[in-house]
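Student: Please model the complete structure; the sequences and the hints are all you need to start from.
Protein chains in written order, with our numbering: chain B, 1 to 343; chain U, 1 to 343.
Check the hints yourself; a few may be wrong.
Unchecked claim - In silico EDC-like links for lysine to aspartate or glutamate, alpha-carbon gap of 16 Å or less:
| id | chain 1 | residue 1 | chain 2 | residue 2 |
| --- | --- | --- | --- | --- |
| 1 | U | Lys-114 | B | Glu-65 |
| 2 | B | Lys-114 | U | Glu-91 |
| 3 | B | Lys-114 | U | Glu-65 |
| 4 | B | Lys-264 | U | Glu-339 |
| 5 | U | Lys-264 | B | Glu-339 |
| 6 | U | Lys-114 | B | Glu-91 |
In short, the hints are calculated from the structure, not lab data.
Everything numeric in this text was worked out from a predicted model, so none of it was measured.
Number of protein chains: 2
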Amino acid sequence: MGKKKNVTFDDIAKYTHFSKTTISRYFNHPDSLTLENQEIISKALTELNYQENKVAKILANGKTEFIGVIIPTFYHHYYAEILNQILSTYEDFGYKFLVFVGNEQEDTERRYIKELLAYHIEGMLILSHTIPSRELAQLQVPIVTIEREDQYVCSVNTDNYMGAIQACSLLARHQCDILLHINSPTDPSVPAYGRAQGFLDFCKEHQLEHRMYIQELGFTHETVKSHLAEILEDIERTYSGRKKGIFVSNDTHANVLLNLLIRKYGTLPDDYYLVGFDNSPASQEAVLPISTIGQQMDKLAYEAVSLLVDQMNERKKRKPVPLAEPIHKVITPILFRRETTEK
Amino acid sequence: MGKKKNVTFDDIAKYTHFSKTTISRYFNHPDSLTLENQEIISKALTELNYQENKVAKILANGKTEFIGVIIPTFYHHYYAEILNQILSTYEDFGYKFLVFVGNEQEDTERRYIKELLAYHIEGMLILSHTIPSRELAQLQVPIVTIEREDQYVCSVNTDNYMGAIQACSLLARHQCDILLHINSPTDPSVPAYGRAQGFLDFCKEHQLEHRMYIQELGFTHETVKSHLAEILEDIERTYSGRKKGIFVSNDTHANVLLNLLIRKYGTLPDDYYLVGFDNSPASQEAVLPISTIGQQMDKLAYEAVSLLVDQMNERKKRKPVPLAEPIHKVITPILFRRETTEK
Chain B
1 MGKKKNVTFD
11 DIAKYTHFSK
21 TTISRYFNHP
31 DSLTLENQEI
41 ISKALTELNY
51 QENKVAKILA
61 NGKTEFIGVI
71 IPTFYHHYYA
81 EILNQILSTY
91 EDFGYKFLVF
101 VGNEQEDTER
111 RYIKELLAYH
121 IEGMLILSHT
131 IPSRELAQLQ
141 VPIVTIERED
151 QYVCSVNTDN
161 YMGAIQACSL
171 LARHQCDILL
181 HINSPTDPSV
191 PAYGRAQGFL
201 DFCKEHQLEH
211 RMYIQELGFT
221 HETVKSHLAE
231 ILEDIERTYS
241 GRKKGIFVSN
251 DTHANVLLNL
261 LIRKYGTLPD
271 DYYLVGFDNS
281 PASQEAVLPI
291 STIGQQMDKL
301 AYEAVSLLVD
311 QMNERKKRKP
321 VPLAEPIHKV
331 ITPILFRRET
341 TEK
Chain U
1 MGKKKNVTFD
11 DIAKYTHFSK
21 TTISRYFNHP
31 DSLTLENQEI
41 ISKALTELNY
51 QENKVAKILA
61 NGKTEFIGVI
71 IPTFYHHYYA
81 EILNQILSTY
91 EDFGYKFLVF
101 VGNEQEDTER
111 RYIKELLAYH
121 IEGMLILSHT
131 IPSRELAQLQ
141 VPIVTIERED
151 QYVCSVNTDN
161 YMGAIQACSL
171 LARHQCDILL
181 HINSPTDPSV
191 PAYGRAQGFL
201 DFCKEHQLEH
211 RMYIQELGFT
221 HETVKSHLAE
231 ILEDIERTYS
241 GRKKGIFVSN
251 DTHANVLLNL
261 LIRKYGTLPD
271 DYYLVGFDNS
281 PASQEAVLPI
291 STIGQQMDKL
301 AYEAVSLLVD
311 QMNERKKRKP
321 VPLAEPIHKV
331 ITPILFRRET
341 TEK
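Tutor: Printed below as a string of structure tokens:
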């Protein structure tokens, strides 16, 4: 790293013939200077090679260009992909990401967040579910959540309800006799609840026979597999000989269910239609590519970082105007028809 | 975040009745104080709530507790899992991780590393392949690489050669008539080269008929699938009626090959034996769980962070002793026998 001499406010003041107070105002409240003076100082910083010492910059204005990211788990391939997209926004915004995987450990997450705040991170993207948004809102740092409970904080979510309607419409168009939905118990405050609600509303509105399998499936492949095997056994027994349209609440689980069927029959039987959710890599890499409701992960990530950066920039103004209400952006999902429905 | 008043060296000096110079020495060269005095200052810091302001700490001693991580891509599930394990070491070491995904963009990686250094990160874990270790070694920051070319820097790698021997032994024990190896062109300086070398040496030593399919398979699921479909066609044509033992260089590709076979035959035919590499989630979640040479990802991650922290701590000493030679740790792989060989 080498111990380069820091460029001080003194150095900049001497170089530009401004007072130290003016230099300080440039860093803390640039809006209070004329554009012309801002440019003179900005040019001087480049010439003095000031950019190179970010620690000095943190000192000067408390801004680190760090964003904290909290991922709940990597079991769902969805999270690796959305993290990938978040990290890729470095090219657009220049922010660096301090990443943490919570693994549902609420206390560890709290401790980690506290640490991040001590480092003067500028904002946080929260994907984990453990800490209520009411508590997050009190942290005094801009926060944007993605696909989790978000009443008191800004968020970017997929239109899950619309996605469920798309999935059910597709299954209904294939004249399935019975529509089934497999999901974990989800609180109505969580965006993904729209997947179950949309399923129910669609089936009721179109008077379609339907059934929901709502149960905790677990967080490891083995437990998910054994729970889905039980559900599949029940489906086989109860709906034998009928055309079944199954909407699974995520691709990772849809893939497990598909594999159970393939192992039993060598192929997806004619009386099974299957739609997942997420368009995660699991859906494309499955033995039969799985039809799915695609979350636009690049857009979700871009919009989330963009919304966060807006808030972070507002706080850098001389007189920041706090948001009156949290902003909730909604991204439209996209239906991908693949081999589990188009046969 | 709130603008808390920073606790200054002055405050600590007054509180402890030490001189400011002593306080400064505590942060920069703690070894130069007696243990007793270290404890007095350490206690004062807690009482003054000094810990809370890490930015002040960075200022004081230039140590950020940040480690930069560069991941090449998330296409191979291996990288999501190893990142997961790296992030989980937060619990053991307390270091925070600035994560970047390079996507084979050498220039972006260089730019990102330059930025990280400007932030006074304490060390870097490099998993991407773009920048030669000779260049990395000149960066003047502790570096540990995982599973990439590592001549001039410290590294932690799986014993790839041993893994290949394990895979071939298993296939040989099943009396395969022909041993096949599918891999991408790999430079001998990359640890994964041991997979091909081990295959060759084992087959020659045991005078087993063998063939290597070495070609670039691509970085998206679609290109990998179409290349593997061509290879499979050649295998079917050339080795029809013979018992084939296929050692694929990673689980992601082994899974694609397995799915091609399952789609064609409804099951894995009796004359195919398949072993992958990595024990990545793809191998467990496959339609038939895939036998694989398991990289001990938790150990790889732990040892890599541990080796890095050792170097980082050395640099904090008053008279750091640089390593005479880079340290290369090797982790033994573990054979997992699953359904693609045990039938």
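Student: Please go over all the hints and tell whether each is borne out by the structure.
Tutor: How the hints compare with the structure:
no., hint, in the structure
1, U/Lys-114 - B/Glu-65, "holds (14 Å)"
2, B/Lys-114 - U/Glu-91, "holds (14 Å)"
3, B/Lys-114 - U/Glu-65, "holds (14 Å)"
4, B/Lys-264 - U/Glu-339, "holds (15 Å)"
5, U/Lys-264 - B/Glu-339, "holds (15 Å)"
6, U/Lys-114 - B/Glu-91, "holds (14 Å)"
Of the hints listed earlier, there is not a single one the structure fails to meet.
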